[in-house]
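Participant: Protein sequence lines, in the order shown, are assigned to chains C and S.
Counting in this note's numbering, the first sequence runs from 14 upward without gaps.
Counting in this note's numbering, the second sequence runs from 486 upward without gaps.
It is worth saying that the hints were derived from the structure and are not from the lab.
Everything hinted at is true.
The calculated label-pair distances, taken between Cβ atoms and stated as ranges, are:
1) S/Leu850 to C/Ile282: 40 to 48 Å
2) S/Gly718 to C/Leu139: 30 to 38 Å
3) S/Gly1031 to C/Gly21: 32 to 40 Å
4) C/Ile97 to S/Pro808: 43 to 51 Å
Since the model is a prediction, treat every value here as computed from it, not as a measurement.
Even for Gly, the Cβ is constructed at its ideal location relative to N, Cα and C.
Here is how the chains run, residue by residue.
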Amino acid sequence: MSERLSLGLLDELEAESIQIIREVAAEGERPVMMYSIGKDSSVMLHLARKAFHPAPIPFPLLHVDTEFKFPEMIEFRNRMAVEIGFDLRVYTNRQAIDSGANPWEMGTVRCCGFLKTQALLESLKLGSYDLVIGGARREEERSRAKERVFSFRDIHGQWDPRRQRPEFWQLYNTRMHPGESMRVFPLSNWTELDVWRYIAREGIAVVPLYFAAEREVVERNGQLIPVGKDTPLLAGETSVQRLCRFRTLGCYPCTGAVASSAVTVEEIIAELEQARLSERTTRIIDHDQDGSMERKKREGYF
Amino acid sequence: MSEPDLLHFLTAGSVDDGKSTLIGRLLYDANALYDDHVAALRRTAATGNAEMDFSLITDGLRAEREQGITIDVAYRYFATSRRRFIVADAPGHEQYTRNMATAASHADLALLLIDAEQGVSTQSKRHAFICALLGIPRFVVAINKMDLVGYSEERFREIETEYRDFAVRLGLSNLQFIPVCAVSGDNVVRRGNGMAWYAGTTLLSYLEEVYVAGDRNLVDFRLPVQRVIHLPGTFRGFGGRVVSGLLRGGDEVMVLPSGFRSRVTSIAIGMQPVGTAVAGQSITVSLEDDIDVGRGDLLVHPGNVPRERRELEAMLVWTGDEPLVAGGIYQIKHAARWLKARCETISYRVDPNTLSRDTVDSLSLNDIGRARFTLFTPVLADEYRRNRALGSFIVVSVSGNDTLGAAVIVDRTDYDAELKTERAVPDRSNVVWHEGQVTLAARSAVMGHRPATVWMTGLSGAGKSTVAFALERRLIEAGHPCFVLDGDNVRHGLNRDLGFSPKDRAENIRRVAEVARLMNEAGLIVITSFISPFRDDREMAGQIIGKERFIEVHLSTRIEECERRDVKGFYRKARAGELQGFTGVSAPYEPPESPAVRLDTELLTIDDSINILLQHLENYYES
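All chains, full assembly: derive it from the sequences and hints.
Facilitator: Spelled out as structure tokens, the structure:
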């Protein structure tokens, strides 16, 4: 009577994700996993290791580096690549950076267009990747709530939400013509809390920025924006030290921190169980206008 | 407390029945919306009136918000202290039936909406039909906009009756009807005004309590190999997801289609070795012998193999712009295998409204019909009813690569006598097909227990059904196939012709005992929940079932306590003289002299009672 045959929530999510990742490895001609160094990426990396253990992960990990990432993220990325031994590839839209692209002067929409969307599409084309694993979750944002697990993209990397392939059972249709591709989302059904509970259960390493510390920030439009080496302060603004942490990680000029004293994974979970604000309130780029994520997704963003 | 489980449900129904509004209301009242999302709703509400437009929560695409319709499925996630939910809000428009079917193929439960004013629409029938076809085992029918019909019970019953009549023809029996008003939230999360006549549960508490884990097939072990995991010179294993049944370390397995046999040396989930793997888990298996196994192969137990088929008979939901035509060539994905197939014949198209069958030459977008395919490479398949994963496939366009249809495999039945052309299983001497030669010992080995009947007796209100269903749940979770025979439920069907005279009561018990015996012989543990007030009747039941298997459990709770609970209001009626021959009030109860277990539910919690019973069963297995 001691055998437990029912699966808990995390067991079920894990099993589904592993199945999806294996399907990508088996059916992709040139599969790749996007690695953005955040908590979702850390979970995805862990699931990929589980899917193929004891063999190594059979596809490369690709990081699109805008060069506006927090230094702690880059340090963490390089350390993980060595410790775990995955094939890390980094791509930067060098041309845009050299001509001075930055969110402060260019605005977030255009900056993202160059350094993220365009860089992503170029890097995918360069590698001729066909199945591209990403860490997006349906819970995050309402246009992401509409995504398939295997999401078809045309030869220009565009998403057409009206023409999505139906997706029955776990029978994923990966058939494509040359040049077409798919974005694949093994964490589709995970929530922010699931991610943290799984990090706790499995003891997964994450970037220290997720934990509370005294950080130099400036309050702007109700957000705590971290002050980096080159962040321009507006008239009347002064930077302050605040005890805070990050709920999501992106580029430092565009990612707000939240006031928090959570210094362990367990404390983060306890904090999120009480949270009244959604995860992406701190992502400035999501709030430019109604439907901005959908617009970016149509153009090829994740 | 154990980790909460997951309920995957979809909402379906016609356009403007208020599906998105209901989901919004459910999330809002269950406190599952973040403050910034609520604030954004208030900002987007174009009308400027105080009511929030909940439909904006799930209609995530601009085209949807502009037109006020749902084009594609939106997935929403929320949790209560009882359970985690994944809600698929499916489109109502006929034009987007394929997206609705996408949601249906992943759901444990369908929440179907009907507009109380409009009544049962063609679309609500179409959706019920697709849900039934895809094997969703339970339906909640929310009859919405009750405020617009003056909260009329007559209107509610009228729709309920009409819908039940339709559902019966689809073979659906597990239906729950709830009158709601999504705009005001009546009966969604909290009870509402104006419907005092409705004594049932609210929508949320139904969703929290409905039991779904028992849907899994834990009998037929099937592992489609997704990928060979190979570390040269060190390790060779097979990665895949157990789609049904369970596998233990040391089990003998057979690889299909080759028919090679070997033994399991290890099972792992990632870096973690495990002793047993069950349906739903993604595992890596390694075998004793270095035999040829590749992607698309299937691992099974040698005594329980699926059929090899060169032809597939299927019901289809057609989702492609390209039609299905007889003679057409298609790609098929079944389990972890791609192959090609020719459509031989299209038997008929079903009109989901009338359920009539039309003779057609092709199936077009949103059609539902039956067809037969000849496969270029044989597959190992089960019937969908028995095993969803090996009983389903998708049809994909050879030229365009679009997903054209979803198919569920059906076995030939009498009305398709002309199709009796299935070829025999090719000669493969080590693949055996057993039929009717199974001993009880063999069944017990598969079940992992000795079958028994736990016979619960006690006064009305002592907690028999509560304990019975809780015990059933615990046993199923522990992998022991079992079933509850409940007094009320049996009197709805098998024993509907019986009353409550001592003679009828005896016959009631006799029939139940016979059913319990059959179920025990099939290997199930049976739990019965009947007042069964007379010693002689219980004695007879014990003889029918077999003394060694008959475990008598007396729920010895005092009548004062049962009467205080009065869950069904029977004691009140009996005291008022409205109910004759009621046990404990106007009819006798003869307690057992030496039951195997005695439980006083006034003193024990449900968990205590269950633990005592489990302990007793454990001793029984080992005796």
